[in-house]
Amino acid sequence: MTGSAIALGTALICYLLGAAVLGANLFLRRPALLWTGRGLAVAAALAHMAAVGLRCIELKHAPFTNPAESLSALAWMVSLAYLAAEVLWRLSAAGPFALGLSFLLVTLAGFAPAERGVPDPLLSSNVVSLHIISILAAFGAFALAFCCAVLYLIEHHILKSKHGLAWLKRLPPLLTVETAAFSLVAFGFPLLTLGVLAGLIVAASGGMGRGWQTDTHALLAYAVWIIYGLYLLARLRANWPPVRTSYVLLVGLALCLLLFFIPSDTHRFG
Amino acid sequence: MRLLMVGLAHQTAPVEVRERLAFSSSAALAQALLSLKETLGPAGECVLLSTCNRTELYAAAPEDVSAQDCIVRLTEAAHGLPADDLEDYFEERRGHRAVEHLFRVTAGLESMILGEPDIVRQVKTAYAQASDVGTTGPTLNPLFHRALSVAKRARTETQLGRGAFSVGHAAAEMAESIFGSLAGRSILILGAGDMSEATARHLAASGANSVLVANRTFDRAAHLAESLNGRAISYDAFPNHLAQADIVIASTAAPHTIVHKPMVADAVKSRRRRPLFLIDIAVPRDIDADVADLDGVYLYNIDDLRAVVDADSAERRQEAERAAAIVHNEAVTFSAWLRTQRAAAPLVSGVRAKMDTIKQEELQRLRQRLAHLSPEEWQVIEAAFTSTVNKIAHAPTVKIKDYAADGSEAAENKLDTVREVFGLGAAEERAP
Numbered sequence: 029m030t031g032s033a034i035a036l037g038t039a040l041i042c043y044l045l046g047a048a049v050l051g052a053n054l055f056l057r058r059p060a061l062l063w064t065g066r067g068l069a070v071a072a073a074l075a076h077m078a079a080v081g082l083r084c085i086e087l088k089h090a091p092f093t094n095p096a097e098s099l100s101a102l103a104w105m106v107s108l109a110y111l112a113a114e115v116l117w118r119l120s121a122a123g124p125f126a127l128g129l130s131f132l133l134v135t136l137a138g139f140a141p142a143e144r145g146v147p148d149p150l151l152s153s154n155v156v157s158l159h160i161i162s163i164l165a166a167f168g169a170f171a172l173a174f175c176c177a178v179l180y181l182i183e184h185h186i187l188k189s190k191h192g193l194a195w196l197k198r199l200p201p202l203l204t205v206e207t208a209a210f211s212l213v214a215f216g217f218p219l220l221t222l223g224v225l226a227g228l229i230v231a232a233s234g235g236m237g238r239g240w241q242t243d244t245h246a247l248l249a250y251a252v253w254i255i256y257g258l259y260l261l262a263r264l265r266a267n268w269p270p271v272r273t274s275y276v277l278l279v280g281l282a283l284c285l286l287l288f289f290i291p292s293d294t295h296r297f298g
Numbered sequence: 009m010r011l012l013m014v015g016l017a018h019q020t021a022p023v024e025v026r027e028r029l030a031f032s033s034s035a036a037l038a039q040a041l042l043s044l045k046e047t048l049g050p051a052g053e054c055v056l057l058s059t060c061n062r063t064e065l066y067a068a069a070p071e072d073v074s075a076q077d078c079i080v081r082l083t084e085a086a087h088g089l090p091a092d093d094l095e096d097y098f099e100e101r102r103g104h105r106a107v108e109h110l111f112r113v114t115a116g117l118e119s120m121i122l123g124e125p126d127i128v129r130q131v132k133t134a135y136a137q138a139s140d141v142g143t144t145g146p147t148l149n150p151l152f153h154r155a156l157s158v159a160k161r162a163r164t165e166t167q168l169g170r171g172a173f174s175v176g177h178a179a180a181e182m183a184e185s186i187f188g189s190l191a192g193r194s195i196l197i198l199g200a201g202d203m204s205e206a207t208a209r210h211l212a213a214s215g216a217n218s219v220l221v222a223n224r225t226f227d228r229a230a231h232l233a234e235s236l237n238g239r240a241i242s243y244d245a246f247p248n249h250l251a252q253a254d255i256v257i258a259s260t261a262a263p264h265t266i267v268h269k270p271m272v273a274d275a276v277k278s279r280r281r282r283p284l285f286l287i288d289i290a291v292p293r294d295i296d297a298d299v300a301d302l303d304g305v306y307l308y309n310i311d312d313l314r315a316v317v318d319a320d321s322a323e324r325r326q327e328a329e330r331a332a333a334i335v336h337n338e339a340v341t342f343s344a345w346l347r348t349q350r351a352a353a354p355l356v357s358g359v360r361a362k363m364d365t366i367k368q369e370e371l372q373r374l375r376q377r378l379a380h381l382s383p384e385e386w387q388v389i390e391a392a393f394t395s396t397v398n399k400i401a402h403a404p405t406v407k408i409k410d411y412a413a414d415g416s417e418a419a420e421n422k423l424d425t426v427r428e429v430f431g432l433g434a435a436e437e438r439a440p
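For the protein sequence lines, the chains are A and B, in the order given.
Read in order, the letters of the first sequence are residues 29 to 298 in this note's numbering.
Read in order, the letters of the second sequence are residues 9 to 440 in this note's numbering.
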């Protein structure tokens, strides 16, 4: 077993335990559980960073050679986004969702295509690395915005229905989750734009071969860009109610995840 | 000296009895403390806790002072009431039971509203008053310090002190669930009654610092606004201020609703997605129920807020068991420590007295033999003697405390040996 596999296994366990402990904290509200959960989240992110780093050394290029590795990298980005949100907004209630999602993504990576042939020469291109890293970082932020949207909808439902009001004490304030969701998308959208533009540059210079204009991945990426653009527009200009914009975020992440599972003729590295 | 608690509380005495024994002014309480101190003697100590739900005396009393004596003095101090009238309502606790009772009271476990936080301040004040009057000492000082730290522990380690204790508190909690920090949030108060004032005070205590008050009678609005550092506005103009308010408290005496859906819908349009929290504590209601259908508007009436209080109260009841276990363990530990102090104190002071006597005798003898020495030289000699005695006494003092803490028969035998060695006489020096 390689060093990266051991580190990834450690991260996987920490994700699961972190999600479970923070989930238990939602029910029991014990400071010890909260701090243990936060510690496990940090440990998971560090172990995952070690796994990515070691994989880079093993492959001698960015470890995004197949969908499995890209999913795993996305899981890491989600955990980093969660840690940032924890520091900025004390969003520990999003921990079970975020760490659970990271666990799920790493597990799914185990089932995703991981065939390895000759390393794609494109991977040594800085523009391609920028394309992949920007998009994964944006997706990490969007994943956490999704968690915030779920929390918003739950809290909104509780406040309107007046059932389960005791849960509100366990969750961050309604306005905080809404602000956090917007900030995460505002952070992720420029990264997504950068990633899409970098991809366009690579494709236009012939790096993706023929037919890239109608490639399913590229088309879906544009759809994702439009969805999050629409969210920002609706949030900033159109004055949509937060419930409606929260649903946009749910759709947005579903499209992001779809990118990893639909086949593509031109995207050979996840 | 033994620890004693006598008093009455809401569990056993109705309000008409409690109010007769209440010490509402600091002067009356100080007078009562001094009067009780007279009964307890020079070594006695006392603290009087008087709140609307209880009047309790905590005392370190000599063996010859009974609880009955304390009750008589206490009722006399309370407006000269005869003890016979109230005696049946009094409860008495001694030793460990008194310790645990004080710990439970301070933690809010004996409060009418379980876990309510105000009792901690009341216990702190009662102790400070007794301290100022000079009726506390080596028994009650550590007892009250411990009670306050145990209360803090019980509240920190459990959810006992969390949640809403009143409708106003529930409103503030709900507002925090929506907005997070209330700092900078604005409140619009419709109706200048007691309920709106109490609710606004809770919100202001949580940080809301911009208050507008509208009332049919402008003077009353101005009066309430002044007390809340806010501004009074004309009653008819309140719809124009809905868009700026984050929290609206409606508690007018109007016989029909005064806030309607179109009015709020207009306000919401210009709020740019900021939520609006409407608190309707008026009966009959001030706000149309269909206002709650609007996006971003959260409407809570008096029943909704009472349900929050009830739910929190149920949660606190579940936590009370855990808090009670913490309090019990702390009371056991403190009682054991107190016993040790009491058991060790006479023997330690006996040993010290014996050594001091020897020191004085030897110094006296030396003075006769060395009469030519100057006062400065005698000071040096005396300091050397004192230092020697302290060093010799240190090890036996530590051992005596250890044996007293042990409490076993073997340890008791060792204490007897110490008494024998120092010629203190076992029987009369044993701790009570």
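Derived from the structure by calculation, the hints contain no laboratory data.
Treat each hint with caution, since some may be false.
Per label pair, the in silico range of CB-to-CB distance [stated by the list, open to error]:
hint	chain 1	residue 1	chain 2	residue 2	range
1	A	Ala33	B	Lys132	39 to 49 angstroms
2	A	Leu261	B	Arg282	12 to 22 angstroms
3	A	Leu261	B	Ser157	47 to 57 angstroms
4	A	His191	B	Arg282	22 to 32 angstroms
5	B	Ser157	A	Leu278	29 to 39 angstroms
6	B	Gly49	A	Leu56	27 to 37 angstroms
7	B	Asp298	A	His191	48 to 58 angstroms
Straight-line Cα separation of at most 20 angstroms, EDC-like style, residue types lysine to aspartate or glutamate; simulated pairs [to be verified]:
hint	chain 1	residue 1	chain 2	residue 2
8	A	Lys190	B	Glu385
9	B	Lys269	B	Glu234
10	A	Lys190	B	Glu118
11	B	Lys409	B	Glu385
12	A	Lys197	B	Glu385
All residues carry an ideal CB built from backbone N, CA and C; glycine is no exception.
So, going through the hints one by one against the coordinates:
1. A beta carbon spacing of about 59 angstroms between Ala33 of chain A and Lys132 of chain B contradicts the range 39 to 49 angstroms that was offered as a hint.
2. Here the CB-CB span from Leu261 of chain A to Arg282 of chain B is close to 19 angstroms, well matched to the stated 12 to 22 angstroms.
3. The beta-carbon spacing between Leu261 of chain A and Ser157 of chain B, approximately 56 angstroms, falls within the hinted interval of 47 to 57 angstroms.
4. Roughly 24 angstroms separates the CB atoms of His191 of chain A and Arg282 of chain B, a value that falls within the hinted 22 to 32 angstroms.
5. Between Ser157 of chain B and Leu278 of chain A the beta carbon distance is about 48 angstroms. The supplied range of 29 to 39 angstroms is therefore violated.
6. One distance hint, 27 to 37 angstroms for the beta-carbon pair Gly49 of chain B and Leu56 of chain A, is violated here, with the actual separation near 51 angstroms.
7. For the pair Asp298 of chain B and His191 of chain A, the beta carbons lie near 19 angstroms from each other, so the given range of 48 to 58 angstroms is not met.
8. Note on Lys190 of chain A and Glu385 of chain B: the hinted pairing is violated, with a Cα-Cα distance of about 85 angstroms set against a maximum of 20 angstroms.
9. With a CA separation close to 30 angstroms, the supplied pair Lys269 of chain B and Glu234 of chain B exceeds the 20 angstroms bound.
10. The hinted pair formed by Lys190 of chain A and Glu118 of chain B fails the criterion: a straight-line CA distance of about 30 angstroms is larger than 20 angstroms.
11. Between the alpha carbons of Lys409 of chain B and Glu385 of chain B the distance comes to roughly 36 angstroms, so the proposed pair goes past 20 angstroms and is violated.
12. Proposed proximity of Lys197 of chain A and Glu385 of chain B is contradicted: the alpha carbons are some 73 angstroms apart, above 20 angstroms.
Of the numbered hints given earlier, the model fails hints 1, 5, 6, 7, 8, 9, 10, 11 and 12; all others are met.
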